[in-house]
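Produce the entire structure from the sequences given, and follow the hints as far as they go.
In case you want the letters, here they are:
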Amino acid sequence: MTDKKAKKLDLSITNETVFSFVKTFIAILIALAITFVVLCVVSKNPVNAFITILTGALRKTRYIGLVLERTVPYTFAGLACGLLFKAGFFNLGAEGIFVMSGLIISIVAINPITTSPILHPLIAIVCGALVGGVLMLIPAYFKAKFNANELVISLMLNSIYVAIATYVVRNYFLSQSTSLIATPTFLETATIGYIIDKYHVSIMFILMLIAVIGLQFVLKKTKFGYQVRLAGTNPNFAEYSGIDSFKLAMKTNFIAGMLAGIGSAAQILTQASNFQPSTTVTNIGFTGSLLAMLGRNNPIGILVSTFFIKYLEQGTSVLYYNDTSVPSEIIAIVQGVVVLLVSSQYFLKKFREKKLLQEGLNEHE
Amino acid sequence: MSNLFTLEFITVIIRLTTPILFASLASFAAAVTGIGNIAIEGIMTMSALFGIIGSNLTQSAVLGTLIGVLIGVVIAMSIAFFSMRLGANAVLVGIAMNTFSSSLALFILYQFTGEKGSSASLLAPTLGSWNIPVIKDIPILGTLLSGHLVLVYVSVILALLFYILTYKTPLGMRMRACGLNPDAAKTAGINVQRLQVLSLIFSGIFAALGGIYLSMNYGKIYVNGIVAGQGWMGIAANGVANGSYGLLLIAALVFGAFRAFAIKVNIPRFGDLVGAVPYFAVFVTIIALAIINTIKVKKGNVAEQ
Numbered sequence: 003m004t005d006k007k008a009k010k011l012d013l014s015i016t017n018e019t020v021f022s023f024v025k026t027f028i029a030i031l032i033a034l035a036i037t038f039v040v041l042c043v044v045s046k047n048p049v050n051a052f053i054t055i056l057t058g059a060l061r062k063t064r065y066i067g068l069v070l071e072r073t074v075p076y077t078f079a080g081l082a083c084g085l086l087f088k089a090g091f092f093n094l095g096a097e098g099i100f101v102m103s104g105l106i107i108s109i110v111a112i113n114p115i116t117t118s119p120i121l122h123p124l125i126a127i128v129c130g131a132l133v134g135g136v137l138m139l140i141p142a143y144f145k146a147k148f149n150a151n152e153l154v155i156s157l158m159l160n161s162i163y164v165a166i167a168t169y170v171v172r173n174y175f176l177s178q179s180t181s182l183i184a185t186p187t188f189l190e191t192a193t194i195g196y197i198i199d200k201y202h203v204s205i206m207f208i209l210m211l212i213a214v215i216g217l218q219f220v221l222k223k224t225k226f227g228y229q230v231r232l233a234g235t236n237p238n239f240a241e242y243s244g245i246d247s248f249k250l251a252m253k254t255n256f257i258a259g260m261l262a263g264i265g266s267a268a269q270i271l272t273q274a275s276n277f278q279p280s281t282t283v284t285n286i287g288f289t290g291s292l293l294a295m296l297g298r299n300n301p302i303g304i305l306v307s308t309f310f311i312k313y314l315e316q317g318t319s320v321l322y323y324n325d326t327s328v329p330s331e332i333i334a335i336v337q338g339v340v341v342l343l344v345s346s347q348y349f350l351k352k353f354r355e356k357k358l359l360q361e362g363l364n365e366h367e
Numbered sequence: 281m282s283n284l285f286t287l288e289f290i291t292v293i294i295r296l297t298t299p300i301l302f303a304s305l306a307s308f309a310a311a312v313t314g315i316g317n318i319a320i321e322g323i324m325t326m327s328a329l330f331g332i333i334g335s336n337l338t339q340s341a342v343l344g345t346l347i348g349v350l351i352g353v354v355i356a357m358s359i360a361f362f363s364m365r366l367g368a369n370a371v372l373v374g375i376a377m378n379t380f381s382s383s384l385a386l387f388i389l390y391q392f393t394g395e396k397g398s399s400a401s402l403l404a405p406t407l408g409s410w411n412i413p414v415i416k417d418i419p420i421l422g423t424l425l426s427g428h429l430v431l432v433y434v435s436v437i438l439a440l441l442f443y444i445l446t447y448k449t450p451l452g453m454r455m456r457a458c459g460l461n462p463d464a465a466k467t468a469g470i471n472v473q474r475l476q477v478l479s480l481i482f483s484g485i486f487a488a489l490g491g492i493y494l495s496m497n498y499g500k501i502y503v504n505g506i507v508a509g510q511g512w513m514g515i516a517a518n519g520v521a522n523g524s525y526g527l528l529l530i531a532a533l534v535f536g537a538f539r540a541f542a543i544k545v546n547i548p549r550f551g552d553l554v555g556a557v558p559y560f561a562v563f564v565t566i567i568a569l570a571i572i573n574t575i576k577v578k579k580g581n582v583a584e585q
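Protein sequence lines, in the order shown, are assigned to chains R and F.
Okay, so the first sequence: first residue is 3 according to our numbering, each after it adds one.
Okay, so the second sequence: first residue is 281 according to our numbering, each after it adds one.
Simulated from the structure, these hints should not be mistaken for laboratory data.
Among the hints, a few may not be true.
[Said to hold, decoys possible] Facing chain F, from chain R, some residues (calculated, C-beta under 7 angstroms): (1) Phe92; (2) Ile162; (3) Val341; (4) Tyr348.
[As the list claims (entries may be wrong)] In silico DSS-like cross-links for lysine-lysine, where the CA-CA straight-line distance does not exceed 27 angstroms: (5) F/Lys578 <-> R/Lys46; (6) R/Lys46 <-> F/Lys396; (7) R/Lys249 <-> F/Lys396; (8) F/Lys579 <-> R/Lys147; (9) R/Lys249 <-> F/Lys576.
[As the list claims (entries may be wrong)] Here are some chain R residues the structure puts well away from chain F; computed CB gaps all over 12 angstroms: (10) Phe27; (11) Arg61; (12) Ile115; (13) Leu124; (14) Thr180; (15) Pro186; (16) Ile198; (17) Lys225; (18) Tyr242; (19) Asn324; (20) Leu363.
Glycine included, each C-beta is placed from N, C-alpha and C at the ideal position.
The structure is reproduced here in structure tokens:
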């Protein structure tokens with residue numbers, strides 16, 4: 003009997019996966035409803051404005067390209083945070099890693115190391131990834147060895163890294179052509195071009211897809227992935243079942259740091275022309291943690307939610323372009339409400355329990 | 281260097297310490313019952329903005345302040361709602377609130393002023409400074425104690441009151457019990473959740489006053505990015521203090537003095553790095569505490585055997 007049940011695709015609300023989809027969907031509906039109410043207050047033409055937010059990104063191929071391009075660094079940030087959360091680490095260091103990796107990537111990108119347009123960005127990406135991985139080991143080491151609070155440590159490191167990057171750029175790599183604290187413009191050979199020009203698809207986009215699928219596979223199908231999930235859900239059990247938690251912590255954090263570093267390269271080498279420590283990659287790491295929450299720490303979920311948020315964000319920019327009474331920051335409302343509701347364990351839980359109870363009673367009869 | 285230790289410089293230190301003191305109190309107030317409130321930066325931003333807007337709408341600085349504080353309490357309550365009622369992780373709710381607030385503040389500022397930079401176009405009365413009647417005429421003591429901004433006095437008084445509340449009253453004792461061991465507190469018949477909500481509200485009020493201080497007392501307008509990491513400084517101070525109220529106040533003062541020195545001394549090459557020293561201090565302190573703890577536990581184990 004159990005065999006038959008397992009084979010049948012369970013599409014009822016009581017199924018865990020279906021329920022999380024329904025929950026996310028309802029959270030999005032609530033967020034959009036709130037957005038509409040806000041639009042009614044601030045805009046003269048709320049219906050039109052609302053439709054623009056929902057469909058604005060589709061109006062020009064260039065807009066779709068921008069959505070795809072902006073999805074890449076944020077997805078990498080989301081993957082980094084998602085992996086850490088999944089393993090039970092409250093490490094918000096991705097924000098700082100984006101800055102420090104960005105610094106190294108930019109230093110590589112302004113120096114004529116090689117003339118090859120393939121090798122030059124590749125070196126930059128590898129350097130960024132390695133720096134990210136190594137720096138992420140700092141909070142991981144102190145957490146795993148001495149149980150030091152990785153949250154506070156990583157937050158402090160974020161501020162320290164911004165200061166270091168600003169110091170290095172101001173004193174050693176300052177551009178003479180602008181009054182800002184910025185590096186000189188990157189060399190032509192270092193910037194990453196598009197493979198599909200029309201949709202702004204670059205090699206970083208492909209790399210992101212590989213990372214998403216790869217991480218999904220690793221988490222679901224490998225021993226390492228199993229250990230990560232086990233350590234995240236029940237660290238004591240993981241410890242007692244013989245998992246070397248120190249080694250695992252170092253591995254997970256190193257991979258997360260590398261993901262953040264590659265994300266930083268995606269932002270810098272495709273979307274920026276120089277590096278400004280206080281603006282170029284600001285808030286990507288923090289947003290990554292929200293996207294991880296939204297995607298329930300699942301790689302594919304993170305990719306989908308990042309795309310969703312960036313899609314709406316493009317819609318809000320189009321809206322601001324047409325109707326200046328609604329600044330594009332309205333996206334924050336959608337993002338905030340969806341993230342808060344999706345991460346709420348008990349949101350809709352009563353409803354689900356009622357259904358479960360009903361089902362149980364029905365079966366009993 | 282000669283004019284470093286003048287009375288004016290002490291005034292500068294006091295002025296720069298106040299927002300950090302508010303933020304530190306906010307972080308401490310939440311931590312007392314075991315809640316990590318990392319949305320202090322966001323609350324400060326929103327309250328700084330709403331203080332000015334409220335003051336503009338009512339044309340009263342006091343009412344504006346109250347509106348700003350109210351917003352702080354509302355955000356604190358919503359953190360409580362999402363983390364306790366809906367079971368979301370408090371830290372993640374805090375991050376969401378921070379990101380949410382910085383964009384939302386921009387959005388609201390734009391609705392009221394039509395620009396995204398500052399509230400300069402909003403006419404809003406702000407809080408002034410206060411001269412203590414008799415003391416202000418005493419030569420040195422007068423400049424030292426009198427003539428400070430109103431919220432400076434408020435911060436000192438609140439710091440004192442909150443000390444009395446947490447350490448000298450039954451309510452404070454219960455709150456600390458929640459932080460030390462929530463299960464034991466529950467067994468002793470304490471309504472842990474209610475006290476946690478209460479401490480979050482305190483945290484919201486302190487953070488709100490910190491934000492209002494920046495926009496309506498220290499400055500006269502709301503500027504985008506006005507909080508500039510001072511909320512994190514408060515969290516940092518609380519991290520160093522590790523549960524000790526005295527250390528918390530000292531840490532806030534040290535961080536404030538540090539900012540004053542950094543501005544005054546203006547070390548040309550290393551200015552950027554100097555700004556990060558407080559964060560580094562916290563980094564080192566937390567690691568040192570963790571290492572000491574680990575050693576203690578190990579020693580304890582050996583002794584037991």
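Hint check:
1. Phe92: holds (6 angstroms)
2. Ile162: With a closest approach of 5 angstroms, the R/Ile162 hint holds.
3. Val341: holds (5 angstroms)
4. Tyr348: holds (4 angstroms)
5. F/Lys578 <-> R/Lys46: violated (67 angstroms)
6. R/Lys46 <-> F/Lys396: holds (20 angstroms)
7. R/Lys249 <-> F/Lys396: violated (48 angstroms)
8. F/Lys579 <-> R/Lys147: Holds, at about 16 angstroms.
9. R/Lys249 <-> F/Lys576: holds (24 angstroms)
10. Phe27: holds (17 angstroms)
11. Arg61: holds (23 angstroms)
12. Ile115: Label holds. Min Cβ-Cβ 26 angstroms, cutoff 12 angstroms.
13. Leu124: Per Cβ check, R/Leu124 is outside 12 angstroms of chain F; nearest 31 angstroms; holds.
14. Thr180: holds (17 angstroms)
15. Pro186: holds (19 angstroms)
16. Ile198: holds (31 angstroms)
17. Lys225: Given a closest Cβ separation of 28 angstroms, the condition holds.
18. Tyr242: Non-interface label on R/Tyr242 holds, nearest chain F Cβ at 17 angstroms vs cutoff 12 angstroms.
19. Asn324: holds (16 angstroms)
20. Leu363: Given a closest Cβ separation of 26 angstroms, the condition holds.
Checked against the numbered hints given earlier, the structure breaks hints 5, 7 and satisfies all the rest.
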